[in-house]
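Novice: Please build the complex by placing chains X and L on the supplied structure of chain G, with the hints as guidance.
What follows is each chain in one-letter form.
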Amino acid sequence: MNTPARLSFTDVEVEYRSRGRGRVRAVAGVSLEVSPGQIVGLVGESGCGKSTLARAAVGLSAPSAGTVEYAGRPVTPLGWRPRSGAEVGLQMVFQNPYASLNPRRTIGSQLLDGVPAAVTGSARRARVHELLERVAMPTSAAQRYPHQFSGGQRQRLAIARALAPEPRMIIADEPVTALDASSQAQVVNLLVGLVRDLDMGMLFISHDLALVHEIADVTAVMYLGRIVEAAPTRELWREPRHPYTRALIDAVPQIGPTPRLPAILAGEVPDPANAPTGCRFRPRCPHAFAPCGEQPPTVDLGDRSVACWLTDSATAPTVARSL
Amino acid sequence: MTTLADPKAERALGRRRWLGRLRGGSTSRPVWRQPITVVALTILGGWLLLALLADVLAPYDPLAQSPDTYASPSGAHWFGTDSLGRDIFSRVVHGARLSIPLALAIVSLALLVGGLLGLVAGYVGRFVDEALMRLTDLVFAFPQIILAMAVTAAFGPNTRNAVLALVIVSWPVYARVIRSAVLSMRGDDYLNAARLLGVGPIRALRRDVLPNSIGPAIVLATLELGNAVLLLAALSFLGLGPRPPAAEWGSMVALGAQDLSMWWVSVFPGLAILTVVMAFNVLGDALRDRLDPRYTKGR
Amino acid sequence: MAPLLDVDSLAVTLPSPRGPLPILHDVSLTVDEGELVGIAGESGCGKSLTAQTLLGLLPPGAAVTGSARYAGTELLGLDARGWQRVRGAGIAMVFQDPSAALHPMLTVGRQLTEHMRVHLRMDRRAAGRRAVELLDQVRIPDPERALRAYPHQFSGGMRQRVAIAIALAARPRLLIADEPTTALDVTVQAGILALLERLRAETGLAVAFITHDLGVLSALTTRGYIFYAGRVVETGPTGSLLTAPTHPYTAALLGARPHGTQTGATLRPIPGAPPAPGEAPPGCPFQPRCGYAEPSCGEAPPPLTPAGVDRSVACVVRPHLEVAA
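Residue numbers (the numbering used here), protein chains in the order written: chain G, 12 to 334; chain X, -19 to 279; chain L, 16 to 340.
Here are a few chain G residues that sit away from chain X, every Cβ distance over 10 Å (derived from the structure): (1) Tyr27; (2) Ser151; (3) Pro270.
Cβ pair distances, simulated, as ranges: (4) L/Gly306 <-> G/Ser151: 23 to 29 Å; (5) G/Ser151 <-> X/Asn138: 56 to 62 Å; (6) X/Thr22 <-> G/Gly33: 56 to 62 Å; (7) L/Pro334 <-> G/Ala129: 49 to 55 Å.
Here are some, though not all, of the chain X residues that point toward chain G, as calculated from beta-carbon distances under 10 Å: (8) Asp169; (9) Tyr170; (10) Leu171; (11) Asn172; (12) Gly178; (13) Val179; (14) Arg187; (15) Asp188.
Calculated from the structure, these hints are not laboratory results. Ideal Cβ placement from N, Cα and C applies to all residues, glycine included.
Okay, chain G solo, but in the shape it has when bound (with noise of 0.2 Å):
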């Protein structure tokens, strides 16, 4: 990689206070980077901590410890003042256009709200239209209200007032999740356009693999608050290192000739206030051995790391090498 990162994840930890459970780590220590004109893909079941990474991402939330970086800066977390010009480049795409759009509030100002400042007079309502456009929306959509929408509609609304401030990374939290078959496909080569296009970069959270595989250059793959796996997504996908990554792909249900049930996983994903010690995926895994009583390290392997005994040759059984 010689582009410096766009954003960059150093030892993200998230906590936050639940009521008779004390403090959860949602997030354990996440090291993750994205390029401009970069796709990277974030997959993992409910509960791994993917949108609490999202929220820390933007400075909805404090990271407990680590750094998030946009643009070599570090992330401010939302306080009492607007945020400032230069993070306003790092927009959210969430996941419920229902609720990521002000019931009340006519589209375009909603628009508005992120056109800066320097955009002024009729130059501002052009920027609007501008924006619709870009979105595969008609201009008349700015004078409307939200519940006049489909559910794909909205979504592709809320992408649009992303889009205003002109921003250079966006974080999208399970954007097309509430959404058909139909507009799925259309909200997503929205956003992989927008990225192409616009040489932004994006961190597409999803719990869809394969939706995941169809569009990310990077896919990392996280479980219990650590991502035990990211690798270009070809090669993720071809030779998963990572026993959940492998677990991951073959419970995706395939279109085949005859019908053939995807492989199941033991075990269930553990509450992160208990997380099991050592390797958290140990008690689910088929591989498990003596050494996943410690923590694996996160090894570099060239393009790819893993966070797995398996891949440590001076621990590793043979038999286990191949997934």
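Specialist: Below, chains X and L alone, put in the same frame as chain G:
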């Protein structure tokens, strides 16, 4: 995390069904056109008209005394006269000029004060919230009328102080309502989205938070209008409101209460209070159903 | 042998403030004893309403025509007591959100046994024994302890298993599963799918599985129906249906989904949106969004006609379709 259904919409649907049941199914008329609401509106309209045209409609000067004391209702004095021979009908009509605007003033001031404090408490949270909420608890701990009496007694009994006292005892309820509305939407993503675009907290409060939280408080205010009329009447009844001989409904009831065999002296102003309070309450109910965005803004 | 469930020309119209809305048109489908049948389509296509019709759960004022026979009995027109007999002991249902089917304040054991004591007239002890058996059958660890637990003490996947156990309590022969895995993670979904397949193999349970995910349809079911705007547009053995679709909508759905087979490919969205109920165009409902539409498509909704081995399609054009997967 992976549900397709939108929980807010689900809740809205649930609520709609509930409301539907309350009103006897989907075939019943919209709240606004229900007979009871029309009656309430007519009553309030009538009082407004009486208040505006009091000088024309009242056959006598409300303060004019006459030797004809305790006259029972008749053609000359429709509602009879009181101990000083004043025409009760004229006094009731003029009383509308006093009671209704004062109630409006009390409620709007309380809404303004309570609303602002609630907004700040809900949005800022932490110790500001804690402090403000304990303050509301303090006010809630006393019966409203006792606290209002204490305040008026301390500042001196007159109309302005009665209004002030009633604002002091009634703002906390608005603060609570607005605060909980703000709390329930503080995590809403449109607020987060606006903040991420560089919208400052004050502007976000004004444009994204306030419009979405004011609805319930406005409804509450309408319901509280009736209460304000009652409290004001009670203060006057106790001699802590508008000074005699002002034609105020509460003090009129008080006057009549001394001897109930002259029933008309307190019954007619009492009826005036009753109709206004009930009309405001019905209107508040209707407004609640009407203003609730989950109810009116269908998908 | 007659199919266990035989739905013929079912049409359902629901009341609305703006007059009656036709939701289902001419739906015909069958489920055999011990068969896994899939029903797929986007939200609003009528797949869930079909399930509601088969369980007598339509809202008041709904107008139903056609026929739906379960084990030889006509379901449409049953009275409340007739439905009571069919539901539970004949046809049972599980939903997307298991919490909706579980009472939050009652223990799992109470909910399971209540059902059996009502439907099967079992005494308390027999019902208790069967409850343990059922929980074991749906692979709930430590069934005795689970009986005393409340729904909120289970994870989403486990709750869905409990809901399935309750649905199975009165020994139904047909289970209608309405998106039972949509809210679950893939690894948890895999477990539920395997459970349904095992129940079919071990007890001969027939399952009608409603889903929007064609991958799930392919992985689990042997025969599938594709719904669009309240009609069946294509049906056949799932394998051939999804690898060689003949209806443009089936092909479009396949193109719009990520296949998980290649990187960097773009999804092919279906232009436009499905018509709202009552706003379907005359003729083929898919025609405004279809790349192969011809003038004749606008005339009348095409009937489902046989096309190949065990397959039928409702399309008059029958274009040659490229399949991405």
